[in-house]
Each structure stands twice: as C-alpha cells, then as structure tokens.
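Using the sequences provided together with the hints, build the complete structure.
Each chain, written out:
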Amino acid sequence: MPEILNVTGLETQFTTYDGIVHAVNGVDFKLSEGETLGLVGESGCGKSVTMMSILRLIPSPPGKVVAGTAMFQGKDLITMDDEELRHIRGSQISMIFQDPMTYFNPVIPMGKQVAEPLAIHLGVTKKEAEARVVELLNLVGIPNPRERYKDYPHQFSGGMRQRAMIAMALTCSPQILIADEPTTALDVTIQAQIVELVKELRDKLGMAIIWITHDLGIVAGLADRVSVMYGGYIIEEAPVKALYVEPKHPYTIGLLGSLPSLSRSRKERLISIDGIPPVLFRKATACPFAPRCAYRVDRCLNENPSLQEVGLNHYAACWVDAETRKERS
Amino acid sequence: MNNNEVLLSVENLVMHFPIRRGVFQNVVGYVHAVDGISFDIRRGETLGLVGESGCGKSTTGRAILQLYKPTDGKVTFKGQNLVELHGDKLRKMRRHMQMIFQDPYASLNPRMSVEQIIGEPIYIHNILKGADVRNRVKELLQLVRLNPSYIDRYPHEFSGGQRQRIGVARALALQPELIICDEPISALDVSVQAQVVNLLEDLQKEMNLTYLFIAHDLSMVRHISDRVAVMYLGVMAELADREELYSNPLHPYTIALLSAVPIPSPVIEAKRKRIILKGDVPSPVNPPSGCRFHTRCPLAVAICSEKRPDWREVRPDHFVACHLVPAEGTTKMKTPMPTSG
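Respectively, the protein sequence lines represent chains A and B.
Under our numbering, the residue at position 269 of the first sequence is numbered 269, and the numbers go up by one with no gaps.
Position in the second sequence counted from 1, then plus 329, gives you our numbering.
Keep in mind the hints are simulated off the structure, nothing from the lab.
Selected chain B positions facing chain A (Cβ under 10 Å, derived; list incomplete):
| id | residue |
| --- | --- |
| 1 | GLU381 |
| 2 | SER488 |
| 3 | VAL521 |
| 4 | GLN522 |
| 5 | ASP546 |
| 6 | VAL550 |
| 7 | ARG551 |
| 8 | LEU586 |
| 9 | PRO595 |
| 10 | ARG603 |
| 11 | ILE604 |
| 12 | LEU606 |
Footprint (simulated), chain A over chain B, 3 or more residues, beta carbon under 8 Å:
| id | region |
| --- | --- |
| 13 | 526 to 536 |
| 14 | 587 to 593 |
Remember, it's a predicted structure, so these values are computed and weren't measured experimentally.
Note that the Cβ used here is the ideal one computed from N, Cα and C, for glycine as well.
Here it is as structure tokens:
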C-alpha cells in the first residue's frame, strides 16, 4: 500500500511557569493508505499532542513544534503556509474528538454545523449541503436525519452526538481520519456501536485511521498496527497480533499484565507497574521508563534507547531482551 | 468467602428524586433513579455492581449509607433497618460502613493535611485523642503502602493513585465492616489501577472487609468480585456468582453488555461476534413500561412492554428479571441473540 503520511523526528514543547515541558520527543511513524494505526498510552504520554502537532492545532504560545516533518502528499504539514493547511485540515485530514458533549456549538442547529466543512472546502450551495448532510447522517445511523437536521445539540444523546461528529468529519471524504479517544466518554454498549460504525465506514470509504486511545482492548479489534507511547516517545511499534502475543518492551508487557481480562478464567493477581508516569520537565538522558522498570540494567539509567527492529516489522526501544532479561547485543 | 452470613440486606429499595419547576417549585415529576431492587451482601465477600451511566448504581450505594433518604424500602445492616434510624443512632451505625469515592482529586479537601483528612473520622467518633490519633494515622498510612512521613503533606503533593490510597486509609480509619467503593479506579491511569485493585484485595484479606464494588468496567468487576449484580435503568437485571454470570449470562442485557466489552487480544477479537444494541438508554424520568429494557431488547415480545418481569431465582444463587428466561433447570433461551460483525 502506498504511504500517505510520514512523520519524522517530531518534537513539541510547552513553555510553562515551571519550565519547559517536553511533551513529544522525536516521534517517527508512517501511515499507509487504508491502514488503521492505534496510538496507545496513558494520560500525559503525548499521544494527543503528537496528532495535534501534525495538524498544527497546538495553541502557541505556550506550545511549539520545535522539530520534525510530517509529509502528506509530498508536502510538509509542519511548514506549509496557513492557507494551504486550512484546505487540508477538515477535508483531506479530519479529526474527531473525545468529548461529544462540548464539541458542538449549543446555539447552532446540528445540521448546519455538520454542513460547515462543505461550505468552507467545497463551496456547495445550502441546498446541496443539506442533501449531502442528510445522506451522511443517515450513513452514520441517525434515525430521521431530515427532521434531526434542524435539532440543536442538546436534543442529541451522547452517542448520537458522537455519530454526528463522525458525519461532520466525513463530509469531504477525508483520506485520513484522526480519532482522539472518541469513545472514552461513552458507555460500553454505545462504544461498541461507534467502533462498529467506524469499522463499517472504513471498509466502505477506504480511509486511513489513526485511533488514539488508552484502552488496549479497543485497539485489539480495530487496528492493523499499534504504536505504544510513554513519556513523549514511541517505545514500541508492531503489527497488532505481534504486539499482544509477544510484547517486547517492559512497559507494554506491564500494561497488558495490569488488565483483567474477560477471557482469563482464574482469579489471579494483577501485575501492577510500580510508581507513576514521568513528569516531562527535562529531556530524557536515560530511558524514561527506567525508574519503574522491572527489567532495568545499568545502561538504562545512562542512555536512552531508540527504536530497534526486534522482529518482523516489530520495533522496541529497550536495551534489554525481555525474554532473557539480558542486555541486547 | 468464609460463610453465608448476610451482612447487609436491601429489600425493595426505591429512590425517586423530585423534579421541581417554576416559581413555587412545584414537583412536576420524578427521576426514577432506583426502582425497587433487592439483594444481600454476605460478610467477607465482594459484590460487584455494574451498569451504564445513569442506571442508578451510585445512587444505590449512597442510599445504602443513608446519604440519601430512600423513598421506600428497607436496608438492614447488622439486624437494624437503617432507613428508620435518625441522628445519633444512625451516626453510630455509620461507623461500620464507609465509602471510597470515584474522583481522588475532588474527594480530598485541599486545605487539610493528610493527618487531618484521615484523622477526621477518628475525632468525630471520639475514638482516640491527641497524639494517639497521629500514631493511628501513621499506622493507616503504612497499611495502604504509603510512607508515614507523608503525614503532614497536603493532597496536591500526591499523584492520583496515592490520593486514592489516602481515600482508602480514611475509609479504614474506623475499622468498618462494609466499604462501598464507588468507581474507585475509573479516574486512574491503567497502570495505576492495578496497584489500587491489588491493595483493596490485600486489605480485604487482612481485615476481613466486605465490599460493594460499583463500577462500569466489566472486566475489572469480574476480577475483583465474588458475585456480580447488573443494573439497568434503576432496576436489577441479573445477579449471580462471578463465574456463572460471565460464562452463562441469562438476561439479554447482560449478554449484550458482555459482548460489547473489548478484549485485549486481537486473536479473540477477530473471531468474536458482537451483539450491538440499538439506540440509547431511555430517560429515567419517564422509564418504559413493563420491562425497562424492552425498548432496546432484540428479543422483546408483547408481554415485555406490558408487565414488569419478576425478580426470580432461576437457579441456586442466580437471579434474573426477564420474561423470556425459561423456568428453573433449563438455561438456554428459545431464540438466540442476533449478532453482527
């Protein structure tokens, strides 16, 4: 599959009263056409900031993308001028967000808001826009779309608003859909509806998806490839099966072990990861996970590992081989 | 579980909140938050209470502790009906039941030190005085695996997981028998959740505690509970032993809920058939007639919208409220659930 997005060396920092926060510290990843990439990590690991940086949605100040490129259709999203980026954002690359409750403007009818990208990017007439939006609302499973077109956001439930948000992201048939924890605020039965909907739409429309989440469960059934982030770094990247069957980085191993599973039968003790996620005031000179790591060797405290190939298309940033518990040669 | 002694018994608990409108604050309707539920909690066990947001699970926990005065029903704890108790008598009973709250950032007063937070219940109930309180607080900190030297610190100096430990220490200060855990881990990071769950399990063994564990995360509830109760829109759908409920769910809602939980394994996920429920949870102001679930139930028949199903024990220790679940002995429903994907 041809590659449509190539991000290299992305670094984003925030200036705060307490110092500079190194939120993203040199992230590389690629996305192919029609591929679904899961980006997994705990709160504060930099997964949302990575995506916001690519679309230049980081408020500046305090935030700043200090290094890196994000090549999309032969052009760098990080350096292109605002006007050009505006034509890509919301049309070729669109994004859906976590909180369907606060995303919409409460005093503008839902249909009008969903139609907005059409007017901006394609310049269609009001009538055409309405027809297209009704069609999209129908596609995402909102009953009676023609009547609901004039309803206000408060008349929609959480799940319905999330569907409307997806419809809005799809108005201009994007090539990449970035989903930033779109199901976290929803109940589990509604979450299942939304995940199923996104899968259906992906197969129908053939877009690539980057799905940001902290839930390793969702990604297992959705993604082709998964990247795990910790402390502003991608610490492991692998095809979805390999990541769950043979995780290589101690953090991924710990994260999978700390999940109780519906498929595990016995009541066994959860494997917890001691300590807490790092505060990112200094650029790491050591492995950011080292203080919490059960596999730590001396080298981990002196040098920060970079991603190395540890299997077929499987990369991990760790000095230690988790199987032998010895330092990699 | 050590024995079958019932520590807490809830009978037909009803909690309606009035909706007031207008200048005269006339009551225009009720939120039917909890509508007649019954269950027992046995000494030393963990009863998991699961359901989606707005199903009344937190209200149930609060109504048990009499933080809300129930509209109707009985809550029997240690042989006394709490609903009838007031003032001093109720306060004396409260010693034996404590609560751990969901949000460790909101449930600790930022202006109180750890000593004040954990010591407060000890002062209120006049158990210890002066320096003894400080020593007891240090003991409690050790008990929840926190360094006793943190005693003079304030909540903002701690991480989410550590704060939740302080909340646990406060709940343990009076050596209660029953602890109601209201989503104690849902505000924490995944890697920290396991720390707190392991702590709760250790403490239960050490101190023979009884938990009512309220949560929406079905896999965590399965991990920690001995028995699990499923609520939907203010009523009980199903209650059974952990293994029984997860391997042999009978209520269509339980079946759908379990199938909606993502499993962190791509191999299992690829093979799984999902039951996708249609629509949303209806409003508890105007709950559906008959079975509350009939508006979303893929198997609903005429009777479901007419008559509220009885809460019956279809197998020993397996309760369910559904018209379609056949009588004792058989376990399979006549029509299988439709699946997709």
